[in-house]
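Chemist: Protein chains in written order, with this note's numbering: chain A, 1 to 282; chain B, 1001 to 1287.
Hints should not be assumed to be uniformly reliable.
Sample of chain A residues lacking proximity to chain B, with all beta carbon distances greater than 12 Å (derived) [to be verified]:
id : residue
1  : Ala59
2  : Thr103
3  : Leu190
4  : Arg203
Which stretches of chain A does chain B cover? Using the computed rule of at least three CB atoms under 8 Å from a CB of chain B, they are [what the hints assert, rightly or not]:
id : stretch
5  : 159 to 173
6  : 179 to 189
Using C-beta positions, here's what the derived DEER-type ranges look like [as the list claims (entries may be wrong)]:
id : chain 1 : residue 1 : chain 2 : residue 2 : range
7  : B       : Ser1098   : A       : Leu190    : 37 to 43 Å
8  : A       : Arg177    : B       : His1228   : 32 to 38 Å
9  : B       : Ser1098   : A       : Gly75     : 19 to 25 Å
10 : B       : Arg1094   : A       : Leu111    : 51 to 57 Å
11 : B       : Asp1049   : A       : Asn112    : 34 to 40 Å
12 : A       : Ile23     : B       : Asp1049   : 26 to 32 Å
13 : A       : Thr98     : B       : Glu1059   : 37 to 43 Å
14 : B       : Leu1217   : A       : Ile10     : 48 to 54 Å
15 : B       : Asp1275   : A       : Ile182    : 44 to 50 Å
Because the hints were derived from the structure by calculation, they are not lab data.
Using N, Cα and C, we set each Cβ at its ideal position, and we do this for glycine too.
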Amino acid sequence: MSTARSRHVISGAMIGLTYLAAILATLPLILILAHLVQKGASSLSLAFFTHMPQPVGEAGGGMANAIVGTLVLIGIASLMGLPIGIGAGLYLAEKRTTPLAYTVRFLSDVLNGLPSIVIGIFAWEFLVRPIGHFSALAGGLALGAMMIPLVTRTTEEMLLVVPTSLREAALALGYPRWRTSISVVLRTALAGIATGALVAVARIAGETAPLLFTAFGNQFWSTSVREPIAALPLQIFTYAISAYDEWHRQAWAGALVLIAMVLIISIAARFVTRSRFGAPVD
Amino acid sequence: MLQSTEVVREKPARLATPTVQVRSPEPTAASLAAAPCIVSRKLSAFFGDVAAVRNVSLEIPQQAVTAIIGPSGCGKSTLLRCFNRMHETVPRARVEGSVEILGSAIYGEGTSPIAVRRHVGMVFQRPTPFPTMSIRNNVAAGLRVLGKSGEKRGPTDEIVEEALHRAALWDEVKDRLNESAMALSGGQQQRLCIARALATRPRVILLDEPTASLDPLSTQKVEELVYHLRETVSVVIVTHNMQQAARISDRTAFLLAGELIEFASTTDLFTAPRDPRTESYITGRFG
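All chains should be modelled from the sequences, with the hints used to inform the complete structure.
Modeler: Written out as structure tokens, the structure is:
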């Protein structure tokens, strides 16, 4: 076999392998989605979104409380995670080389890698035990703590992409530093930061472990932040480990809804990024 | 290269007045008698321990174009950035000596750099329109920060129009003031930045190689506009294009390794340089 020919063969084989790897990378998602649709779609109905869970043995019922509960938890988490994360990211981008910046950057990477169950236990120790009962607030804050490092690092990265020349242009116009940061640098990076925020929301929406000891779950309707609250991941967990076929079916449907929510948020994140290059702004 | 030089060299004849070819009018007795615009005394600028500008003392006249030339790294941009206190925005940068603009010491105690920058416009090498703002809001960006938000749209629109006229951009953008500034060409963006700097009606405008990233045609437009700006504002322009300095400036400063070698009327500096180093540089023996 000539050298040229063997090169072609090897080249072809390598390209084939990369194709295979690319397909394998998306395969888990496709399999999960297909399986969820197959198992869960049949249990999905309007009632699933509007009705409360039914007692065992009664057909029908839904997860309205868990869907709303998840939204409440995401809301609390965002109220905590977004301002702190964006503020910290702004600090890291503006004061890149201070000792505090290095420390914050390192610690937020550590926090990012912290197992979520640990965050849950920590939240139980400081937010649940002293108060004496589980609450949506404790669950939301635990999720918020998980959001902070994600939002911090994406905010920092997005801000660093803003050219120094823009910062200088604003300063040369007589903008004070804080105003340069907010009305020029932050605004220019806003689409990217919004994307980062949505990705962080998608990431925490499906978290179960931090909620086990905090939000706890609730079979009844509750939107109070001081009471235990239902959440889709918790409901799926409870139903999935139960002994009833009807609950199993509901768990599949819940999983499908949860993954659909995450997908929708992810797709929204894509669109937010795209609009930066699209229609005129302001 | 040769060809492009010729193209650029031929164009300015159009922008000069009929009596003057290539060169700008000689400073009149009146303009020489007027108080200088920028006075620097023993000005040195440092990055950490390295001095980028050493002991520069010069008087830049009012309502004239002053060019600062010199080889790359000679400190011309740094010198310019000392005139609006932008130098100190770089970490570990500091300034020694004094600078007065129209009689006020800009490094005086209690003088805020922000106040200085509001009275001294600056345009950079690369166009820097704010990408999130429309063309109109880009021009008005400097006004907003002056705290004139209370004013109604009317006066702001007038100022925007005037600034765009002065930057010779009005006719090209008047029908799309609400579009993104990013839709403009590089040359238009640079003139937009000049309009933005002019909108606050500064007495001085600093141009840091404003045509370095532009094509010859856009360069010519910016040069024409700078040529006319002298009627209303004092211009200091940093350039490493000697033909450009010769075409558009009244006075030229030659900087080498951070030191001011020679500062004279542009005609004198280019036709009868007093310092041998200036002669070597302008005849192309180095740099």
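Chemist: Do the beta carbons of Arg177(A) and His1228(B) sit within 32 to 38 Å of each other?
Modeler: Since Arg177(A) and His1228(B) have Cβ atoms about 34 Å apart, the given range 32 to 38 Å holds.
Chemist: Is it true that the C-beta distance of Arg1094(B) to Leu111(A) lies inside 51 to 57 Å, as the hint says?
Modeler: violated, 38 Å
Chemist: With respect to the beta-carbon atoms only, verify the hint that Asp1275(B) and Ile182(A) lie 44 to 50 Å apart.
Modeler: holds, 48 Å
Chemist: Just tell me: holds or violated, for the beta carbon distance of Thr98(A) and Glu1059(B) against 37 to 43 Å?
Modeler: holds, 40 Å
Chemist: Okay, Ser1098(B) versus Gly75(A) on CB: inside 19 to 25 Å?
Modeler: violated, 57 Å
Chemist: With respect to the beta-carbon atoms only, verify the hint that Leu1217(B) and Ile10(A) lie 48 to 54 Å apart.
Modeler: holds, 51 Å
Chemist: May I ask you to check that Arg203(A) keeps its beta-carbon over 12 Å from the closest beta-carbon of chain B?
Modeler: holds, 27 Å
Chemist: State, for the Cβ atoms of Asp1049(B) and Asn112(A), whether the hinted interval 34 to 40 Å holds or is violated.
Modeler: holds, 39 Å
Chemist: May I ask you to test the hint 37 to 43 Å on the CB atoms belonging to Ser1098(B) and Leu190(A)?
Modeler: With a Cβ separation near 41 Å, Ser1098(B) and Leu190(A) satisfy 37 to 43 Å, so the hint holds.
Chemist: Is the Cβ of Leu190(A) farther than 12 Å from every Cβ of chain B?
Modeler: About 7 Å separates Leu190(A) from the closest Cβ of chain B, which leaves it inside 12 Å; violated.
Chemist: Count the residues of the stretch 159 to 173 of chain A whose CB lies closer than 8 Å to any CB of chain B, then report whether that count reaches three.
Modeler: holds (count 9)
Chemist: Just double-check Ala59(A) for me: nearest Cβ-Cβ distance to chain B has to come out over 12 Å.
Modeler: holds, 54 Å
Of the numbered hints listed earlier, those contradicted by the structure are 3, 9, 10 and 12.
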